[in-house]
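2 protein chains.
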Amino acid sequence: MNRLYHYPLSPFSRKVRLSLAEKRIEVELVEERYWEQDADFLRRNPAGKVPILKMGNRTMADSTAICEYLEETHPTPPLLPQGADSRYEVRRLVAWFDDKFNDEVTTKLMGERVFRKVMGTGYPDSANVKAGSKAVKYHLDYMHWLLDQRRWLAGNEMSLADFAAAAHLSCLDYVSDVDWNRSAIVKDWYAKIKSRPAFRSILADQISGFPQPAHYNDLDF
Amino acid sequence: MNRLYHYPLSPFSRKVRLSLAEKRIEVELVEERYWEQDADFLRRNPAGKVPILKMGNRTMADSTAICEYLEETHPTPPLLPQGADSRYEVRRLVAWFDDKFNDEVTTKLMGERVFRKVMGTGYPDSANVKAGSKAVKYHLDYMHWLLDQRRWLAGNEMSLADFAAAAHLSCLDYVSDVDWNRSAIVKDWYAKIKSRPAFRSILADQISGFPQPAHYNDLDF
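Note that the protein sequences, when read in sequence, are chains B and G. Per the numbering used here, the first sequence runs over residues 18 to 238. Per the numbering used here, the second sequence runs over residues 18 to 238.
Identical copies look the same in the list; a pair holds intra-copy or inter-copy alike.
Computed list of lysine to any residue pairs in SDA-like fashion (alpha-carbon distance at most 25 Å, straight line):
| # | residue 1 | residue 2 |
| --- | --- | --- |
| 1 | Lys204 | Ala215 |
| 2 | Lys117 | Arg75 |
| 3 | Lys154 | Phe238 |
| 4 | Lys40 | Asp102 |
| 5 | Lys117 | Thr76 |
| 6 | Lys154 | Leu220 |
| 7 | Lys134 | Asp120 |
| 8 | Lys151 | Ser200 |
| 9 | Lys147 | Arg130 |
| 10 | Lys151 | Trp197 |
| 11 | Lys117 | Asp57 |
| 12 | Lys117 | Gly128 |
| 13 | Lys71 | Asp102 |
| 14 | Lys151 | Trp52 |
| 15 | Lys117 | Glu88 |
| 16 | Lys151 | Phe58 |
| 17 | Lys117 | Arg130 |
| 18 | Lys147 | Asp120 |
| 19 | Lys151 | Arg61 |
Think of the hints as simulated: they come from the structure by calculation, not from any bench.
Okay, chain B solo, but in the shape it has when bound:
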């Protein structure tokens, strides 16, 4: 049985979960409190991060390398389009969310409001929370601008770029940090993603100490 070591509110884990589910690759989920870095976990991944995917006798780390691997070994349905130009645009946007959005928004909001409590590293830094709340607006506006020209974020087909974005936004949405009224276009896009079968397991996530808000798994949010 394939196994994914993950943390429910890790956007990198969620991106891989969405890819696996979309490609109908069955996997057993194992929650990993990766910051506690026990010896067994570090043996599986010396980088000390989630997700880690165990498939057959391979143990794989790094969400982007894993998604490229899944695309090469399970090409249907495709999450990267045909053509170098279109593939570039997907990869650029995956990096946009996993690097820039993560630095400017996810670590500032989730990092301060959730992970500090879960990991026991003190009180939220309000300057970070404020910076994250400001930055998320700019990113939603950028998504609005993209989606105003295209059906999906990187083009007219759904791709890994949509999953990367939805992975971050769904984590923030779990703690009610997304103002869906800012853009009807972005809200429609999220409603489309949210109603996919691949999203079900993510909508069922429960994090102890953080009850799921009512709108989180509501398809008519």
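Go by the hints and put chain G onto chain B.
Same frame as chain B, but now just chain G:
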């Protein structure tokens, strides 16, 4: 003419320069003081980072997305091997250097010792420099462990993983932050990379305020 907006001591720029040179794609280098974020530059790349590659009428950002694009459009010589397993290993290691090594070493040493001076953001934080000096040893040992089993970092063929690693290490080497006596195997690997024609432009880099040390461009360092 293709054009690469870069900064000489940016490892992400260097990784792309090495890929371009290895694939014999001619490119004009334009030094970009990206942290000054002038309007023209931000128009080219809203992420506000280097490198940016202009090829024909395309302007591309994100070093990993660019390298994948170059691999797809200029497959010879290959910098990703055949076979999903081998390709995964290359991508995992590229991410290892661009994420983990960058966070733990490059930003701690280069960030404090060079970029603070160049960008005018104050004095080095000695705790960061100390942490970086400690972490680089662990990474050199990890490279030693890999290279003890393989000819190159990700397997028996040179790949993008070697270029990612050499990009970071060559930046550190410019400010003499690599102890090449720690591992003869790692030193031999770097000597092989350093002597490639693709490396010449990197060995010729000069950064104002930071004179090149004698060993930096010496093939018998």
